[in-house]
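There are 4 protein chains.
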Amino acid sequence: MTNTERAKVAIIGASGYTGEELVRLLLRHPHADLVAVTSRQLAGQPLAEVYPRTGHHPAAKTLRFTDSSAGEIAESAQVVFLALPHGVAVEFAEPLLAAGARVIDLSADFRIKNAETYREFYGHEHRAPALLREAVYGLPEIYSQTIRAARLVASPGCYPTSILLPLIPLLREKLIDPWSIIANSLSGVSGAGRKAEIDYLFTECNESVRPYGVPKHRHLAEIEQELSIAAERALQIQFTPHLVPITRGILTTLYLTPTRSGSEAGRIEAALSAAYSESPFVRLLGRKNLPDTKNVAGSNFIEIAVRHDPRTGRVIIMSAEDNLLKGAGGQAVQCFNLMCGYEETAGLL
Amino acid sequence: MTNTERAKVAIIGASGYTGEELVRLLLRHPHADLVAVTSRQLAGQPLAEVYPRTGHHPAAKTLRFTDSSAGEIAESAQVVFLALPHGVAVEFAEPLLAAGARVIDLSADFRIKNAETYREFYGHEHRAPALLREAVYGLPEIYSQTIRAARLVASPGCYPTSILLPLIPLLREKLIDPWSIIANSLSGVSGAGRKAEIDYLFTECNESVRPYGVPKHRHLAEIEQELSIAAERALQIQFTPHLVPITRGILTTLYLTPTRSGSEAGRIEAALSAAYSESPFVRLLGRKNLPDTKNVAGSNFIEIAVRHDPRTGRVIIMSAEDNLLKGAGGQAVQCFNLMCGYEETAGLL
Amino acid sequence: MTNTERAKVAIIGASGYTGEELVRLLLRHPHADLVAVTSRQLAGQPLAEVYPRTGHHPAAKTLRFTDSSAGEIAESAQVVFLALPHGVAVEFAEPLLAAGARVIDLSADFRIKNAETYREFYGHEHRAPALLREAVYGLPEIYSQTIRAARLVASPGCYPTSILLPLIPLLREKLIDPWSIIANSLSGVSGAGRKAEIDYLFTECNESVRPYGVPKHRHLAEIEQELSIAAERALQIQFTPHLVPITRGILTTLYLTPTRSGSEAGRIEAALSAAYSESPFVRLLGRKNLPDTKNVAGSNFIEIAVRHDPRTGRVIIMSAEDNLLKGAGGQAVQCFNLMCGYEETAGLL
Amino acid sequence: MTNTERAKVAIIGASGYTGEELVRLLLRHPHADLVAVTSRQLAGQPLAEVYPRTGHHPAAKTLRFTDSSAGEIAESAQVVFLALPHGVAVEFAEPLLAAGARVIDLSADFRIKNAETYREFYGHEHRAPALLREAVYGLPEIYSQTIRAARLVASPGCYPTSILLPLIPLLREKLIDPWSIIANSLSGVSGAGRKAEIDYLFTECNESVRPYGVPKHRHLAEIEQELSIAAERALQIQFTPHLVPITRGILTTLYLTPTRSGSEAGRIEAALSAAYSESPFVRLLGRKNLPDTKNVAGSNFIEIAVRHDPRTGRVIIMSAEDNLLKGAGGQAVQCFNLMCGYEETAGLL
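Those sequence lines, one after another, are chains A, B, C and D. Under this note's numbering, the letters of the first sequence match residues 6 to 354, in that order. Under this note's numbering, the letters of the second sequence match residues 6 to 354, in that order. Under this note's numbering, the letters of the third sequence match residues 6 to 354, in that order. Under this note's numbering, the letters of the fourth sequence match residues 6 to 354, in that order.
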């Protein structure tokens with residue numbers, strides 16, 4: 006039975022693109038009351054002024070950004086979203102949890118279960134290794150039961166979501182060789198955040214397509230962790246991110262070696278269908294269509310298509326999602342829905 | 006008779022988009038030897054590394070950015086291009102001229118003849134009012150004779166060029182009411198320079214069309230100065246700049262009231278044809294085509310078309326240019342060609 | 006008191022961008038049941054396949070495009086939206102109305118009250134001049150009372166909406182000179198429809214900004230009709246449309262001469278505030294912000310800002326809207342809400 | 006010793022984007038006289054009107070498109086470029102060669118050596134299998150000697166160039182496993198040609214990133230032919246093309262398994278350096294930079310960078326080129342230069 010009681014929610018660090026999406030999603034959420042939104046640099050300004058698109062919500066006119074502490078937030082909010090940079094989120098999560106709030110963190114601070122892996126990829130010791138063990142990886146299609154009960158959810162990154170959802174069911178069913186995985190990902194520029202850097206100027210991104218971070222990207226840590234869990238063995242993948250001149254969207258093309266030959270595409274499609282038959286935001290495309298970022302932009306859906314190449318024996322899987330929604334804010338709200346017992350799609354259609 | 010002796014040239018402050026264009030144009034110029042390129046932040050790096058597009062020029066591999074003083078530059082270069090921010094150019098121009106170099110300044114520092122107007126629009130006293138009087142406004146289609154002899158050329162801005170070239174012949178011929186001028190301009194994002202500011206991020210400019218700086222833009226000072234000279238009376242115009250999601254290009258749409266009725270478009274086209282019959286970079290379009298930024302991008306051309314609206318009696322003139330070439334670096338090289346007695350088109354086709 | 010009874014609705018000719026928006030809006034509308042969607046070329050296909058974005062609506066999986074006649078549609082639907090080309094809509098409107106349906110037409114077929122003006126701008130006789138007189142111009146902010154009672158609503162075009170909403174209150178109050186109006190409009194490419202024409206290829210529109218249809222555009226007929234009604238006298242305006250490389254959005258910059266001097270901007274802002282105080286989709290910006298298409302894309306809002314130029318005495322008004330929503334499908338649904346007695350914002354926030 | 010005699014050249018079928026590039030390149034070529042340009046649909050129009058960018062070349066004002074036959078062309082031109090659709094080029098090549106002209110074909114008609122492979126990929130018998138055997142594959146970095154002497158050159162496609170240049174030296178040196186090759190390619194929309202199709206409208210491509218033609222693309226035939234020659238054994242590769250919203254450019258990311266471990270990147274970079282030390286248009290990037298389409302757009306260069314991933318043992322090679330220049334018209338002119346004994350870079354810098 007779905008819950009319909011309203012929840013008081015807050016967003017800490019809402020000055021970036023993900024924060025803006027959260028503000029928009031939570032303002033219009035049927036069961037959420039947005040009680041606080043913080044940002045040091047925007048403190049004092051009403052939401053409606055900073056984010057004109059929210060201007061029609063009555064709350065956006067009265068609610069102002071504050072510079073409140075974790076303690077103050079925890080007094081008024083039951084669920085708190087952290088849209089903070091890596092390394093800063095952990096400082097807020099501890100006192101919020103201690104004060105009884107439930108926390109959904111959109112940074113990478115709690116995505117890695119192993120403190121050593123964290124240090125390897127992020128270059129410093131984790132401040133709260135106990136929380137690392139407690140945190141639930143917030144991929145609702147995979148971990149819905151643990152998310153429901155979680156105090157602390159680590160909402161996955163945009164690249165990982167586009168790679169994990171197509172692959173986890175296949176690794177669980179041993180349908181693909183775990184060491185054969187190559188992920189070629191194309192990301193819209195909003196993935197770089199609202200940061201004043203030359204590299205992300207219009208003039209530098211327009212008419213430009215370019216790889217970056219080759220060969221070792223930080224997101225590999227959480228991707229390989231989750232794939233290894235699914236495969237029940239350690240694995241490493243090839244992952245190359247590219248920047249493409251669109252605002253929103255990630256398109257990932259996966260190259261895989263199937264473990265058995267004969268009707269590979271059918272077997273893989275069947276595994277995905279079975280895994281996601283109850284998942285409202287996974288859209289499996291059939292034989293006619295291929296994923297396209299413009300078909301998911303502005304939504305919480307992920308599109309997935311499978312093709313088999315009989316010439317090479319490989320399977321190619323392609324996925325498309327909106328990096329700010331299914332890859333960030335939308336996914337976090339989907340977790341919020343599960344945590345509160347709401348319809349999984351509440352506020353997201 | 007055209008000169009064919011080579012000239013030694015230098016660029017001071019070549020870290021921005023205009024500086025990059027100058028580097029490219031002067032490297033491939035048939036009569037120029039680029040002997041020095043300065044930039045505090047890039048000092049020590051070879052041109053080819055900073056600007057990969059220049060990599061095939063032998064000079065780009067050996068020539069490195071320096072942090073040389075005006076004095077050092079003047080020892081080796083006969084003509085010096087200043088691609089510096091407003092207010093900084095003047096500090097270099099004085100010692101360069103004193104040391105015998107000729108200077109082409111791409112900033113606004115020497116475009117205004119009247120020191121009081123300069124203060125009104127730029128908010129501070131001009132440091133070298135005598136040079137202000139000496140400087141020649143570098144619009145080759147209008148001032149070719151004085152440019153040829155000039156020691157100091159103030160190369161016009163991108164908006165002014167797109168407005169002045171269509172209007173000056175009409176004001177000289179008294180064909181339009183000088184107080185009726187409305188200029189609606191659309192600029193590509195490179196016009197904002199290579200500056201790390203949130204407003205010019207891809208994510209802020211893509212899928213965005215927006216006016217800015219309404220109603221008083223700094224470029225008005227030089228626009229109205231030059232139009233008033235042509236009209237032989239003071240005038241003021243309406244000018245609204247907009248930012249559009251293209252890298253290069255300015256499109257200006259001008260709304261004018263003709264002074265006489267009856268065959269307005271024909272009379273105006275005739276005046277433009279007469280004025281620019283010897284101008285290699287002015288492309289007057291006839292009745293079939295309208296200007297389009299993509300037809301001038303990457304070139305030093307300006308496209309101009311004239312239409313008369315018999316319903317309202319107004320004349321509409323539209324122009325398109327590449328803001329970094331005809332609106333900046335290309336125009337400066339065109340001045341350089343005149344100053345040195347080269348073909349006006351040398352290195353620009 | 007707002008109505009909450011559900012209405013059965015149909016869309017005729019839903020293969021273009023506007024049709025797609027209507028499908029999306031009506032599928033998620035809280036009070037509408039979409040019972041039929043027609044398209045000759047798409048007949049037989051389920052909505053979800055043609056428009057992947059609608060795939061999650063249960064109705065999109067079962068409802069298929071048909072090639073039904075007006076008579077068949079009128080049997081099942083109470084309100085019918087026509088998303089047909091100019092000249093075709095009139096053929097459907099007559100039998101639908103005769104069969105008792107109410108009709109919202111998104112073409113230009115019923116926007117012109119005067120059959121002679123229609124012939125002047127569209128080049129042929131109107132087929133149903135009696136309906137021309139009956140039809141209500143569907144601008145909800147101006148004609149809400151007559152729209153509520155209308156059998157036939159002519160939903161305005163995208164350019165007209167962006168020009169009429171800022172100007173009508175000012176002409177009614179005699180605040181601006183009716184013959185001074187210059188409208189410079191920039192349109193996203195979706196305004197050209199889903200048509201296979203070279204001019205609208207990515208390669209022709211990208212990095213391109215260009216005027217078109219200078220000086221006489223068909224939309225002038227309805228713009229001048231509505232402005233003349235507001236001004237209580239015939240008037241003509243200057244209107245120049247331009248194509249800019251964005252998918253959605255229109256930005257219009259208006260140049261006006263105020264009738265009285267002294268606090269022009271304040272007086273004009275006050276008139277707009279008074280006129281639109283009850284209009285949920287008009288967002289008047291204050292002195293700090295200017296309209297930006299990206300702030301209204303995907304929404305039914307129009308942003309309007311006013312500036313006075315003390316140098317020239319002119320007033321500049323800028324507006325931004327989504328051409329497919331406030332400029333087409335959203336506005337039609339807003340009319341539908343009024344016609345059925347629903348909340349004006351139902352299904353549109 | 007380089008030749009400096011002028012050559013008379015013609016272009017057959019110059020109405021597409023590649024034809025336009027050829028017109029532009031040959032008009033400004035120091036040793037070429039463009040004597041004829043044909044297009045059925047454009048016959049009678051001067052070049053300057055159809056392609057405004059060429060307007061300043063005196064020849065563009067006088068030269069008009071014609072609908073001449075191969076025989077007529079062969080009377081005036083020594084070298085003829087065919088910019089025709091696949092299947093049509095062969096009809097012109099035969100009579101041109103018979104009449105003594107040399108031919109550079111930019112279609113796929115002569116790229117495949119094996120008539121059976123041609124039928125497999127293009128679905129019909131080849132009309133002139135003898136010419137198929139004679140034709141030289143026009144990749145100047147690989148086949149410069151045979152190109153010099155060729156009567157008939159088959160200029161490679163854009164995808165093949167971006168894949169072949171990085172791989173051929175490595176396969177020749179047995180540095181990579183020939184069956185491990187995965188090529189993930191991103192193409193700008195101009196690659197689809199100037200065709201009025203819905204799929205290539207601005208509205209369909211903007212904010213869109215999508216794969217297509219998975220898993221078997223026609224270009225595979227020539228790619229695998231040339232790679233197999235280099236490897237001295239038959240091989241098949243994985244190739245996935247994607248469409249990205251830029252006008253020009255191809256970025257290819259290659260995933261490879263090296264045959265030996267230990268300093269893989271160094272060994273591969275060394276092989277590329279050795280292979281291309283005399284190739285003026287191959288720009289090997291070092292360890293600091295990665296390819297970017299904007300750095301090659303508008304030029305005939307290809308950028309290549311190599312990275313080794315010690316975690317997976319794979320080598321990743323990335324290349325960027327302008328699909329209309331190094332991937333089409335520029336490459337054809339490069340062949341022309343070799344065929345005539347000109348500097349390889351003549352007219353291309």
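Derived by calculation from the structure, the hints in this document are not laboratory data. All C-beta atoms, glycine included, are put in the ideal place defined by N, C-alpha and C. Treat each hint with caution, since some may be false.
[Stated by the list, open to error] Calculated cross-link-like contacts (lysine to aspartate or glutamate; reagent style EDC-like; alpha-carbon spacing at most 16 Å):
#, chain 1, residue 1, chain 2, residue 2
1, B, 221, B, 139
2, B, 293, C, 38
3, C, 200, D, 54
4, B, 118, B, 139
5, A, 200, B, 125
[Said to hold, decoys possible] The following label-pair restraints were derived from C-beta to C-beta distances:
#, chain 1, residue 1, chain 2, residue 2, range
6, D, 262, A, 66, 58 to 64 Å
7, C, 282, B, 151, 57 to 63 Å
8, D, 128, B, 46, 54 to 60 Å
9, B, 77, A, 239, 55 to 61 Å
10, B, 151, D, 38, 36 to 42 Å
11, D, 201, B, 177, 52 to 58 Å
12, A, 80, D, 291, 31 to 37 Å
So, against the hints stated earlier in the document, which numbers end up violated here?
Of the numbered hints given earlier, those the structure breaks are 1, 2, 3, 5, 11, 12, listed in rising order.
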